[in-house]
Structures are given as structure tokens and as C-alpha cells.
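Dock chain Y against the given chain B, drawing on the hints supplied.
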Amino acid sequence: MAEKHFLDKYIEGEKGFQAKAWYNAIGDCIEYQTVNEAIVADRIDEKLTIYRSVITNKPVGFKIKDVQAILSKYGYDGLAVLHLEQGTTLISIAALLLAAYEGGPPTIERRRAYANALLPQESRFDIPINQICRDTSTKYQSV
Amino acid sequence: MGQGPSNYHQKTLDPFNPEGPKIEVIIPHYIYDRAYKYNSVKYENIRAVKEVLENPQRIFWGIREHSEGGWCYTGKPTKLYIKENVVIDFPKDKIFAVYINERFIVFDWILEYIDDKNGLNPKNWEGRYRSLVWPKSIS
Chain B
0 MAEKHFLDKY
10 IEGEKGFQAK
20 AWYNAIGDCI
30 EYQTVNEAIV
40 ADRIDEKLTI
50 YRSVITNKPV
60 GFKIKDVQAI
70 LSKYGYDGLA
80 VLHLEQGTTL
90 ISIAALLLAA
100 YEGGPPTIER
110 RRAYANALLP
120 QESRFDIPIN
130 QICRDTSTKY
140 QSV
Chain Y
0 MGQGPSNYHQ
10 KTLDPFNPEG
20 PKIEVIIPHY
30 IYDRAYKYNS
40 VKYENIRAVK
50 EVLENPQRIF
60 WGIREHSEGG
70 WCYTGKPTKL
80 YIKENVVIDF
90 PKDKIFAVYI
100 NERFIVFDWI
110 LEYIDDKNGL
120 NPKNWEGRYR
130 SLVWPKSIS
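In the order they appear, the protein sequences are chains B and Y. Per numbering that gives the first Met the number 0, residue 0 is the first one in the first sequence, and the count goes up by one each step. Per numbering that gives the first Met the number 0, residue 0 is the first one in the second sequence, and the count goes up by one each step.
For reference, chain B alone in the conformation it holds in the complex (with noise of 0.2 Å):
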């Protein structure tokens, strides 16, 4: 059995998970993770983070720092987008990170990662290559 943890005494109601984005206002970061499990920080420049799962090293999940500077910069009228069934105005996650994007140098890492955070693995709606190019040598096969 576990040992206790040091923290329970402060803390009610039920423990869990919920695969949800939210805003860590200490850390101006955005984090979103979708599996319970350990993950390792894969730094892709100074704006996102790619969360990769400890067990299986797949990506589930990443962390936009700066979030605030970001807003700053681009500001709201490109980033909100207002939730018709509710009249709120949310931020949106993925013009966040397009923003971030801009910011860097446009490598084929970065744009990967950044391809990674916007459709993460169980959202994904890629196409088969060969739909697209005709020439689909081996060394796409595991891309």
C-alpha cells in the first residue's frame, strides 16, 4: 500500500483526471493533458512545450508559456472566438498557438511539434500520403 500522502489532510473530495485545458495564472501557461500518466517535458522552443507520456513516449498533451505576452502582442480580437450556444467569449487555443508559432524560425521540428499540439493523437484527421503525392518512397512510411 502507497504511503500517505503529505498533502491529504488539506485536500476534499474525490481525486480524478479530466482531459481539459486550463490556465495555470501562476505560471501564465496553458496546459493540456490528455492521458493520467507521467510525462517528460520535450522543449520545443520558448513558447511550447510537447508533453510526452513516461511509458510510451508518445505525445499527449502540451504547455503554451507566455501566454499573457502572446496576448499582449497579437491581441484579443485574434485570438478570441465567441461560443454561440453560451454568448461567452473564449480564447482560442489553437490561434494561441499559431501565434506562437509566428514567433520562432519555421523549421520542420517546430512545425511538427506545433502540428502535434494542434490536433493531438485522438483528434487527428490526417490523410494517407499517397492520396496526395505519387512519389511515396520508404522514408515517409514512418513519419
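A couple of the hints might just be wrong.
[As the list claims (entries may be wrong)] Only pairs whose alpha carbons sit at most 25 Å apart, straight line, appear in this in silico DMTMM-like list of lysine to aspartate or glutamate:
#1 Y/LYS122 with B/GLU45
#2 Y/LYS49 with B/ASP7
#3 Y/LYS75 with B/ASP7
#4 Y/LYS10 with Y/GLU23
#5 Y/LYS82 with B/GLU11
#6 Y/LYS78 with B/GLU13
To be clear, the hints were calculated from the coordinates, so they are not data collected in a lab. Quick caveat, the model's predicted, so the values are computed rather than measured.
Below, chain Y alone, put in the same frame as chain B:
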């Protein structure tokens, strides 16, 4: 039944005077309560946060591009929760990092890949942090 909301005060090295008296950093109730309810494996690994703060191997200063200050304390805790109720010995090829803002508030903790040259440093640490605070020099 718990004792109610309370920030946790943890003693650690003073980054301004690492060889002097220890200081207290705060693990906010807001942060660990959220981890407990929505990210329970991360909550379990606050045990590793405590271990690293009690025995940090490195302290780095300047953790963000757009804000002054903030520290990263790193170390090798003994254990790691990888899933709910699954604990392993802390992996040799990783380091555990605890991020603290300029007001000495813990806001994140995570595993990092290690540097090729020194297993107690996070990968690419020289490009990520503005300076190494403690120890004064490393080989």
C-alpha cells in the same frame, strides 16, 4: 475529512544565498487541489517535488523569455508515479524539475530529459535558463 484549504510551506535552499539559512516556498492549495481533482498522477508526484526541494542538485534562474526571474530546482527523487497506483524507481535518464516563480510560489513540476554531458542538468539547460545559481560551477 481534511483540514481545509491551506497553502503548503516547504523549506528549501535560498537561491540568493544557497549556503545560508533555508527559506520557505509555497505550494499553493489552488495548484495541488487542481492536480488532485483533475490530474491525479501529477498530484502523487508532488511527493517528488518535496524530495527535490529538500535536496536540490541544481538551481537555475531565469526561466522565461518574457518575465524576469523565476527558478528551476532540479533533482533525482527516489520514486515516480507513472500511473495511478503504479510507482517505479526514478528513471536514470530523466531529471525532475520544480518551477518556482519570482515570489517563491511553486507553479509546476515535470520530468525533463537529461543533458548529454551531465545527468543532473536538464537537456539544453544553457539555452533555456539565464544562469546557473547553485552550485556555483559544474563540470
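Results of checking the hints against the structure:
With a C-alpha separation of about 14 Å, the suggested pair Y/LYS122 and B/GLU45 falls inside the 25 Å cut-off, and the hint holds. For the suggested pair Y/LYS49 and B/ASP7, the alpha carbons sit about 14 Å apart, so the restraint of at most 25 Å is met. As the CA atoms of Y/LYS75 and B/ASP7 are separated by approximately 23 Å, the hinted pair is consistent with the 25 Å bound. The hinted pair formed by Y/LYS10 and Y/GLU23 meets the criterion: a straight-line CA distance of about 4 Å does not exceed 25 Å.
Between Y/LYS82 and B/GLU11, the direct Cα distance comes to roughly 21 Å. Compliance with the 25 Å bound is thereby established for this hinted pair. For the hint linking Y/LYS78 to B/GLU13, the alpha-carbon distance of about 24 Å falls within 25 Å, and the restraint holds.
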